[in-house]
Structures are given as structure tokens and as C-alpha cells.
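Going down the list, the sequences are from chains A and B. Quick note: the first sequence, position 32, residue 32 per the UniProt record's numbering, numbers continuous. Quick note: the second sequence, position 72, residue 72 per the UniProt record's numbering, numbers continuous.
Just so you know, the hints here were simulated from the structure itself, not pulled from any lab data. It is possible that part of the hints are untrue.
Stated by the list, open to error - One-sided and incomplete, this derived list gives chain A residues near chain B with beta-carbon spacing under 7 Å:
#1 P5
#2 V6
#3 G73
#4 V76
Since the model is a prediction, treat every value here as computed from it, not as a measurement. Ideal Cβ positions, reconstructed from N, Cα and C, are used throughout, including at glycine.
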Amino acid sequence: MAPKPVTSPVPVQWYPALSALLLVGGLFFTAFFFIYEATSSTRNRSLAKEVVIAAVASTFLGFGSLFLLLATGVYV
Amino acid sequence: MAMVSRFAFFLLWISVLSSTTHSELVISRIDRRVDLSSHIVRALFSMKVENVGSKVVSEVLLAFPNMQAKNLAAIKTLYNEGRGKVKASSVSLPTAVVEPEGMPPELTFYSVSLPKGLEKGGTVSLDVLAVFAHSLQPFPEEITQADGQLVVYQDSAYYLSPYTVKVQTLGIRLPGGRVESYTKFPNAKLVDSEITYGPFENLPAFSYSPVIVHFENNYPFAVAHELVREIEISHWGNVQITEHYNLVHGGAKTKGGFSRLDYQARSSVRGASSFSHLIFRLPPRAHSIYYRDEIGNISTSHFWGDSRKTQLEIEPRFPIFGGWKTSFTIGYGLPLQDFLFKVDGKRMLNITFGSPMDEVIVDNLIVKVVLPEGSNGISASVPFPTKQGEEIKYSHLDIVGRPVLVLEKSNVVPEHNLYFQVYYHFNNLSLLGEPMMLISGFFLLFVACIVYMHTDMSISKSSASYLAKIQLEEVQATVQQIQNIINQCLAVHDKLDASLRDLSRTGDVQSCKIARKTADAQLKELVKELKPLVTFLHHSPQASHIWPKVEELVAKEKDMQEKMFLRHSTVVDCFEKKLGGREIENRVASQQQKLAALRQEVDDLLEFLDEI
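Please build the complete structure, drawing on both the sequences and the hints.
Laid out in C-alpha cells, this is it:
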């Protein structure tokens, strides 16, 4: 079998744009999370909803910051 | 004197041995060319070996005096298949150290294994390239800034071989500067900075005739005492190379003071032995190059690149004179797809071993290949012997650390700048480890917020203010719920409105009636939900200030429901009586107005409650 070059899973040129998009999405969900925390009263707050929003926000922020690291040259 | 006595000892040995050696092989011709133009000595032996014995011979011995052998950095034997002038493919033959019996201990022997045995009367042509480090001795050992650097090279005019040599010549190429002296015996000629000895004919085995050449060589004697090359692979698309140099000028030591003025004014004369810049030939598409030392970035560097190579020229912080040291770090990134390949399910890194710097001797080279976290089954294939080890490195976002393959080699010359391969297994899912860590980090932050918002931090659970707070929260929650329910009611109203509009468009009375029935049921349900909440609020002392508003809201909403149904039945009636559109409008106009006013009031109240 001939050697096949290994490439990155996502083209390197996409990293800056991808990081910006994901971070904006992540910050949007983070804002949504904190607005929900601040405005809903203690009794009406639903734990499931909080956790779901937190999970979505942290997924976006996690991938966003990973691509930010990669785009700035910190190859993790 | 010591040298003379050593030679005397040699000659003694040789006289003993020449009588006892009965070799099958004879070197019919050997041309030795020694290149002294840089500080790395390269000797190329083109030899023709003939078998005069009766047995088939499969190996040829090469002898080097121990003095030379200890500096021998690389040896390569090429075997030319073609005959005569047509040099077809040349094959590299394995060349290894051996210790044959009955040979003098002052000599080190290398054995070249021939690809096929040499028959009786057969000949074979071999090209041997031997590369020596640290073989030019500076003499004098200390010079001033203004002096040129003189060095001494020692060799033998006769090829030192365990075989009889029929015809031989020796050519020594000098860098072209001043030649202080050279051994004129036997039969030496100096023409255009090249000294030739010979030809000599029919010399017995182990013939030796010392030759000393004393000449000027101002080539940059760049010697790296230690070079640590770290090759870090990231499957996210980069091979990062970091090289830590510990560089010294390996030539004659400088004595007296250093005059910056002299150096600056006439650096070619007053600093001929020094060097002020170094050239690195990096692989193509190298990017993110940096050059720094302990105190920060060094700005004196130049960089060119095209599709085939990248060249980096750096200037150390000061010119390097004999014995002076400097240490610095360069680093660069390379695209992953140029160096990492997939072979039979394994990953293969294919990258050069030595330093990319021009003509540098590395006394101790440590190559560390840092593989991504989660790699296993690591093996390396290096074209020359190295010391191998493994360690663990902790870097960004690591849990168990990255496996590091450490390759160590001493006496490295540019001839060692060959490709070597590192094989390892890697699962692409391991790539997700890093984002998972970041995600869990952010998630923990959110969880901390959730926990903080959900925990009751008050110390005294029975104090009046605490109880009041609890009650207030309850009131708030109830008001929110009421608001929710009212909003749902309004949504039902909107649906009912929509059904009326549908009716005026399609005239389908039946579906309109069904819509009314469902709306009725939904509203009843909502009102049922609303009742306990309103009662609670009515009895709660904390809610006294908003109770009137809530009561008004609930009343208005009820009113709205009634009006809504009234209008609905009116319109449906009219439709059943098949009245004209204008007449229907006239009939419901007043109700419509009232409803709009009520809706406005309800919205205002909701907004007011929101603000509380």
C-alpha cells in the first residue's frame, strides 16, 4: 500500500472563520443561559433546561476556543 | 616527540605484520581525495579491489588509525555496478566496525560486505566516503582578533590498508588561503591549493608515511556542543520543530581583547576567523519561524522561500570568535501532509534527522519526536545506529501526556541529514480529547453557576427576613405562573380569531365550531390551573401590593373570554343565516372595539407585572 499523506480533519485555512463563528454562537448561548438564570424565579427554573443550554453553550465555546488556539498557532 | 615515538611504534608493528599477513585481496588502484576546504574533513577513496587468492571473498577491510577513527563521524561505501566509465546505479553497501584477529590494536577496522562474493581474479570498484569531525587541529591554539586561523591536518601519504596496494595517489584540497608548510616527502606537489602525493606503486600492506599540512582555514568552525531537536506532531495539521542550539566556535581560541571598533571598520581582516551569520536550509513551506534566546527575540534574521526550499539566515547577537559560545533557539512549523503518511493502518513520520544548518558538527544530537497523546506501538527506523529511549511530555490539554521517542547520536555531520521514519498507531477519535477537555471546562463553569443559583446559602433558616424572602420568591413564582397562563389564554384567543378569519375566507362553519370547542376546553383547563394560584396570591400578605393588579388582570381576561365567545357565536350565526360580509362587520364592530380595548389593558397589566 502506497503511503497516503495524512491531513488535518478540517482544512487549516478554515480555522479563523470557524473559531469566530463558533465563539459567537457560544457567547450567544452563554448570554441566553445567564439571562435565563437571572430572570426566572427560583421555583419556576427547570434544571433540565439549564443543563441543556449549558451543554450547548459549552460545546460551542469548547470547539470555538480549540479552533482559536489552532488558528493562533498553538497546535494542541 | 610523542607523535614520533608513536610512528616508530607503528612502523615496528607494520614490519611484524607485513611478513605475516597473507591476504587474498590486492588493491590494484586507489585514488584518495581529501577535502579540507571546510572544517569537516571529507575523504573519498575510489578503489579497485582484486582477488588474487583462490577463495571467494565477501568482505573488504578498511583500516583507520585509532586517532582518525575516533573522529570518524560517517562512513559510506558505494558499489558501482557499471564497468569502466559508465557508472550505472551505485548501491550503498553495509559498512560496520569489526575486530579481526591478529591485527594491531592501533587500528580500527571497518568491514564492507560485498553484495556477491568476489571470485578468484575478479575485481570490484568501491567508493568510500569517510567524514571526519574535529580533525583539523588549530595551530597555534590561540590567536588574536587580527590573525588568520591556521590549522594542522595529519594523514598518511600511503594508504594504510591490510592489503598490498599496487598504484595509489593522494590529493588534498585546501581552502585556498596561505599554506604555512606541508610534508614534501614523499613526492609531493602543491598546485593551486591542492597538494598531490604519488603516484606510488607496489607498496606492502600497512605502509605508512606521515603527512602534515599546516594551512590557513577561516571557514566558520561552527560546532554545536548540544542540539536538541524537538519534532512535535499535531494531527490538527502541523509539525512543529524547535531546535535548541548550544553553539561554539571550534577553531583556535581567541586571545587578547576584542575591539569592536577594529571589527566594525575592517571585519574581513580584523575578524577573519570569526563568523557572524549562519544559514539554515529548511524544508519548503516552513512557516511561523522564530529565532530567540533566553532574553527574547533576536531580530537579526533574514528569510527567503520558494516552492522548493526555505532559507533562513540568522545573525547571533555578537560575532563568534574562537572558543566563544552562544545559545539560541529556532522554531518553525511545517505542514502535516508533507511529513506524515498512513501506511498499512500505521502513521509514518518521514523527516530529516540532522540539523538544517549548513556545515555544522553536532557533538551530541538529541532528536525528540513528540507524538500526539494516545499514540502507541511506536517504532523508529533510522539509517544509522542511534541510542533510543522513550519519555513522556506534558503539553497543552494533556491528561496522560504525550509519548516522546528520544533518539541520541554523537558526532553528527551534515551527511547524517537523512530521512528517518517513526511508525505509530493512532486512533482519530483521540483527536476529540482536546476539544472534550475544553468543553468540560466550560461546562463545569456553567454547572458551578447552576449550583450557585440553586443552593440556599443563608445561615439562619428561621429568621424573619429569610422567611419573608422565601415568601416573596413564592409570590414571584406564582405571579410568573399566572402571567404564563394568561399568555397562553391570549394565544388561545388568537387562535379563535384566526378561525374566524378562516371562516370569512372559506365559509366552513363546521371547522370553526370545532375550533371554538377546543378553545373552550383549553381555556377551561387554564382557568382551572389559574384558580389555586390566584387564591394563594389573594391570601399571601407579601402579595398585597400587586394583588389588585393581578385581580384586575384575571377579571379582564375573563371578560375578554366572554366577549370573544360572544363575538364568535355572533359571527357564526350570521354566517349560518347567510348574511353579507358588511352586515356581519356592522354587527360585531362594537364588540371588536371592546375586545381591542380589553386586549390593550391586559397587555399593559402584563407589562406592569413584568416590571415588578
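Hints, verified against the model:
no., hint, result
1, P5, "holds (4 Å)"
2, V6, "holds (4 Å)"
3, G73, "holds (5 Å)"
4, V76, "holds (4 Å)"
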